[in-house]
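Chemist: Chains as they are written, first to last, in our numbering: chain A, 13 to 140; chain B, 14 to 728; chain C, 46 to 257.
Think of the hints as simulated: they come from the structure by calculation, not from any bench.
Please note: incorrect hints may appear among the correct ones.
Claimed, not checked - If you want the footprint, here are the derived chain A segments under chain C, 3+ residues with CB under 8 angstroms: (1) 53 to 62; (2) 75 to 88; (3) 106 to 113.
Stated by the list, open to error - Just some of the chain B residues that point at chain C, by a computed CB distance under 7 angstroms: (4) Ala169; (5) Val277; (6) His527; (7) Ile528.
Note that this is a predicted model, so its numbers are computed, not measured.
Note that the Cβ used here is the ideal one computed from N, Cα and C, for glycine as well.
The primary structure of each chain is shown beneath.
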Amino acid sequence: MTEHTQNPLDHPEVQLANGRAYLVGFIFSMLLMTAGLWLAVTHIMAPFGTVLVTSILAGMVVIIQGYFILHMDISHAQMWHTVAMVLFLPLFVVTIGLTAWMFHGLYQRTMIMPPATSSMAHMPPMSH
Amino acid sequence: MLVHLQGPWSPLLGRLTLQQIPYHVPILMVTFIVVAILAAVVLAAATYFGKWGYLWREWLTTVDHKKIGVMYILLGLIMLLRGFADALMIRTQQAMAVGPSSPGEMGAVHGYLTPFHLGQIFTAHGLIMVVFAATPLLVGLMNIIVPLQIGARDMAYPYLNALGLWLTTAGAALVMLSLFVGNFAHGGWYGFVPYFELPYSPGVGVDYWMWTFQLSAIGTSLGSINLIATIVKMRAPGMTWMRLPIFTWASLSTNLIALTSFPVLMVALALLGLDRYVGTHFYTAGMGGNLMLYNDLFWVWGHPEVYFLILPAFGIMSEIIPTFSEKTLFGSATLVLASFAIGGVSWGVWLHHFFTMAATPSVNSFYSVTTMLVGIPTGVKVFNWIFTMYRGRVRYELPMLWALLALFLLLVGGMTGMMNAFASNDYMWHNGLFVVAHFHLMVLTIAASIFGAVEYWFPKVFGFKLEQKWGTWFFWFMVIGSGITFVTMFFLGFGGMTRRLDYIPYTQWSPYLHIMLLGMVFYVVAVLFFVAHLYVSLRDRVKNRAGADVWGTGRSLEWATHSPVPAYNFAITPNVNARDEWTWRKENGLTELHPGDYEGIHMPKNTGVPLFLGILFMGLGFALIWRIWWLALLCVALIVALIIIRSFDRDTDMTIPAHAVEQVESGARDEMSATMPTAGVRGGTVIAHSIPQSGTGGISGSTTSTSPSWAPMDR
Amino acid sequence: MSASAAQKVDPAQATLWARHYAGHDMIGTRTFGFWLYMLTDAMVYAALFASLGVLSHAVNLAGGPSPSAFINPIYAYGETITLFLSVLIYGYSMVALKNGNRGAVIGSMFVAMLLGIVYLVIAGVDIGNMFAHGIFPQVSGFLSIFFTIIIYHALHILVGVVWMLVMMVQIAREGFSANVIYRLINLRLFWHFQAVIWVFVFTFVYLQGMVA
Numbered sequence: 013m014t015e016h017t018q019n020p021l022d023h024p025e026v027q028l029a030n031g032r033a034y035l036v037g038f039i040f041s042m043l044l045m046t047a048g049l050w051l052a053v054t055h056i057m058a059p060f061g062t063v064l065v066t067s068i069l070a071g072m073v074v075i076i077q078g079y080f081i082l083h084m085d086i087s088h089a090q091m092w093h094t095v096a097m098v099l100f101l102p103l104f105v106v107t108i109g110l111t112a113w114m115f116h117g118l119y120q121r122t123m124i125m126p127p128a129t130s131s132m133a134h135m136p137p138m139s140h
Numbered sequence: 014m015l016v017h018l019q020g021p022w023s024p025l026l027g028r029l030t031l032q033q034i035p036y037h038v039p040i041l042m043v044t045f046i047v048v049a050i051l052a053a054v055v056l057a058a059a060t061y062f063g064k065w066g067y068l069w070r071e072w073l074t075t076v077d078h079k080k081i082g083v084m085y086i087l088l089g090l091i092m093l094l095r096g097f098a099d100a101l102m103i104r105t106q107q108a109m110a111v112g113p114s115s116p117g118e119m120g121a122v123h124g125y126l127t128p129f130h131l132g133q134i135f136t137a138h139g140l141i142m143v144v145f146a147a148t149p150l151l152v153g154l155m156n157i158i159v160p161l162q163i164g165a166r167d168m169a170y171p172y173l174n175a176l177g178l179w180l181t182t183a184g185a186a187l188v189m190l191s192l193f194v195g196n197f198a199h200g201g202w203y204g205f206v207p208y209f210e211l212p213y214s215p216g217v218g219v220d221y222w223m224w225t226f227q228l229s230a231i232g233t234s235l236g237s238i239n240l241i242a243t244i245v246k247m248r249a250p251g252m253t254w255m256r257l258p259i260f261t262w263a264s265l266s267t268n269l270i271a272l273t274s275f276p277v278l279m280v281a282l283a284l285l286g287l288d289r290y291v292g293t294h295f296y297t298a299g300m301g302g303n304l305m306l307y308n309d310l311f312w313v314w315g316h317p318e319v320y321f322l323i324l325p326a327f328g329i330m331s332e333i334i335p336t337f338s339e340k341t342l343f344g345s346a347t348l349v350l351a352s353f354a355i356g357g358v359s360w361g362v363w364l365h366h367f368f369t370m371a372a373t374p375s376v377n378s379f380y381s382v383t384t385m386l387v388g389i390p391t392g393v394k395v396f397n398w399i400f401t402m403y404r405g406r407v408r409y410e411l412p413m414l415w416a417l418l419a420l421f422l423l424l425v426g427g428m429t430g431m432m433n434a435f436a437s438n439d440y441m442w443h444n445g446l447f448v449v450a451h452f453h454l455m456v457l458t459i460a461a462s463i464f465g466a467v468e469y470w471f472p473k474v475f476g477f478k479l480e481q482k483w484g485t486w487f488f489w490f491m492v493i494g495s496g497i498t499f500v501t502m503f504f505l506g507f508g509g510m511t512r513r514l515d516y517i518p519y520t521q522w523s524p525y526l527h528i529m530l531l532g533m534v535f536y537v538v539a540v541l542f543f544v545a546h547l548y549v550s551l552r553d554r555v556k557n558r559a560g561a562d563v564w565g566t567g568r569s570l571e572w573a574t575h576s577p578v579p580a581y582n583f584a585i586t587p588n589v590n591a592r593d594e595w596t597w598r599k600e601n602g603l604t605e606l607h608p609g610d611y612e613g614i615h616m617p618k619n620t621g622v623p624l625f626l627g628i629l630f631m632g633l634g635f636a637l638i639w640r641i642w643w644l645a646l647l648c649v650a651l652i653v654a655l656i657i658i659r660s661f662d663r664d665t666d667m668t669i670p671a672h673a674v675e676q677v678e679s680g681a682r683d684e685m686s687a688t689m690p691t692a693g694v695r696g697g698t699v700i701a702h703s704i705p706q707s708g709t710g711g712i713s714g715s716t717t718s719t720s721p722s723w724a725p726m727d728r
Numbered sequence: 046m047s048a049s050a051a052q053k054v055d056p057a058q059a060t061l062w063a064r065h066y067a068g069h070d071m072i073g074t075r076t077f078g079f080w081l082y083m084l085t086d087a088m089v090y091a092a093l094f095a096s097l098g099v100l101s102h103a104v105n106l107a108g109g110p111s112p113s114a115f116i117n118p119i120y121a122y123g124e125t126i127t128l129f130l131s132v133l134i135y136g137y138s139m140v141a142l143k144n145g146n147r148g149a150v151i152g153s154m155f156v157a158m159l160l161g162i163v164y165l166v167i168a169g170v171d172i173g174n175m176f177a178h179g180i181f182p183q184v185s186g187f188l189s190i191f192f193t194i195i196i197y198h199a200l201h202i203l204v205g206v207v208w209m210l211v212m213m214v215q216i217a218r219e220g221f222s223a224n225v226i227y228r229l230i231n232l233r234l235f236w237h238f239q240a241v242i243w244v245f246v247f248t249f250v251y252l253q254g255m256v257a
């Protein structure tokens, strides 16, 4: 597929700039991040609950940002960008997730101090 | 100072002092003298024959993917030799230092290498072989072949391509420098914490290891982006995904692995660097550090890395075997799927490198299972290659011999790998020679494929075939050497010998170690045969001139252009009609390679900026190693400035005029006859002289080259 | 060869050579390559967050301060506001590019750059405060990873600010050439990606640190 347009401004990746989408992304991100901050500052939930809810909020914000701000869709101009991102996402999960699993078990086997104050303490107990 | 440094430090020279130059180590002094003499000879010869202009114009400032690939391969071969020298020293030390009554020379209690020295040798051997020999050789091959196979004129980022080359070269240069100024790390090529932390490795060795590793990692990362973007975006018209040649598919899966895994290596090393330079506590013993974190991060890279090395090797085998069986590759769709399956699964197995590090049994079992899963797609590949040969018209020319050797080595290496996949087995033989023999078989598979690829594609790139006789001797001596050395190593592994020993207390292992040394003798003779192979090939290059379809049975697009390949690859971009396009054209009588009616061709210009950036990065590496802060800051500033200045350069492309294309095309002969008249140059191939363009001077380069200029000796 | 996987082409009517081939899409290729680079950067962050998870055990505090003791939510929120605003305004700069409006592009980019500088000032004050209270990366394993993540992110903002400055000069100098345009798109990818990364940094380092 070749796009040898005379005026580079006509390139589809230039043309997909969308002020309304950026504003929607901005407002949504600000709202949810403010909500997360409020949760953390007021300590209204137990630490585990705050961690869970803020993580979910972060996930939602990132998906909205991905669509509205980064234009991650399956249009012709952006298809390969989206494919590349979809390739990487499971690897992020694998890197962080398998590492967490590894070390959680390791800590249960080797750490003398009870993990009372760390975020890792609040993972559901593993059965092995 | 943020960290407590042992030894002197001055603001001007950092930790660099005269004591860091090993005057008292005879081996190093002799090495230095030999290297200095060789360097002086090369430089003098270049000056005497007036070649500096040629070298600058055609090689040092080039952005042509073929020449960059050739330089990568050259770098890889030189570093392979250096790594081999290290291996020779390890083998001789271990053969000598067996038993309490073994003699000690040159300051060593047993053998001739002190533990301090041997530690550097096996660390350098590992790092060089993985990162500075195998990687550049494979990256070089991919660089040369992939654009040709997809019908493109160059890579997506020619300038970045050159930068990757010079960064890797900078890293290699620093590794070589560590021989003569300072020392190298002593703890094994993949690092150990907290041994590699400052309190236990207070010298500059680990810093050399760390920064050279990072430099090459940056180079390879940039290269992976380049190759993926090229394959995705620059295929010729008609080259759909289903028609992509198998080596290009292999390159794509390999570079996806590199793209995704190298960042984690950079983090692993950077955190160690922070520990050593800033005094943080990522991996320290105490103060909240976690030793296993290093292993975790490193091997997240380390495992995909070895698949990064083997997948192109599989791709090479998939190209050579069909060509020399005159048959379509059996099940190429499953081979492609297998490549991606291997790449995908390889991302979930990394803990098998540290099974014994106290992870829970469920974690260990999970990783055992995923490790074994990798064997399935690999098995698919092996069967597909065998079925390709079945009922084909098999010709045992040199590339095919190497590919078949690779196949045999893969079987042994792969099956011993499956044995290693069981965590319970690992608990018995972790850190033993069984694992070492396994992975050496795997890298020998890679090496065999590389030698096969060199034999296979050298004529395409340089225009003449390599000769057969010395090449065959080289092949067989490599086979014998590998067999003797590494089969014996498996037995030593079963016997319980561990790795990285400078002194072996058990004399019953002595016969094995001596047999391994005998295997090394075969390797040494093989190297000599290789040199003869190259020399005789060069000497007889007119006799062995190659046409476009060098082997007669080539199948993909790179055989549809002249040998040597002109700078622009294809005079007119081909339109692709089938998988195995060249075979399809031959079957339908459409083999005309002079389509006529040529147009001007738009190509990137040469530039010296990547070379200068490589030099600056080498300076930065050196400054960081020796903690010469003013030099480090200066290099960073210059690097940033150079990158920004280069971005303002608007004169980065040129057009090869149609008449120049016509001239090159009419001179290009595609037949194999040795008696064709040359363009008036003794022993030469087609030479279209450089057409100087009036361009800007300075760093962007002011000349262009349209010529293939592959005739090595006659310009 | 069975071209069954690909469409069979009649050899008598096959096109062998793509004459007048316009070449590949340079802008699309370069932005794709840059996006791949951004994804590798995201992988660096993934590795850093994995390390954060590992080094968040009580043992990793090494007796030093825990994040709930010293994280200042105001500075973190200030950084959030400035960064998201800067991302929005850079977005408007790209809309102006779509319309070919050179002045508006440079103007909004300038504002986005200023907001980036404000971010850096806030981050500098925040980190300076921590240092003033003896909270250094050398104190414990946890603090090592804490500071590494936030400083690594701040470095990205610095790079973005410098890049915007360079682009403003280039636009003024050569207008909207193909090279300038692909660089502007790359900068958009870079800058907007920082908003995504910041969501993770804010959530997992600051917010969850506050309740640890």
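Chemist: Next step is simple, just say for each hint if it's right about the structure.
Modeler: Here is what the structure says about each hint:
| no. | hint | in the structure |
| --- | --- | --- |
| 1 | 53 to 62 | holds (count 4) |
| 2 | 75 to 88 | holds (count 4) |
| 3 | 106 to 113 | holds (count 4) |
| 4 | Ala169 | 5 angstroms, holds |
| 5 | Val277 | 5 angstroms, holds |
| 6 | His527 | 45 angstroms, violated |
| 7 | Ile528 | 43 angstroms, violated |
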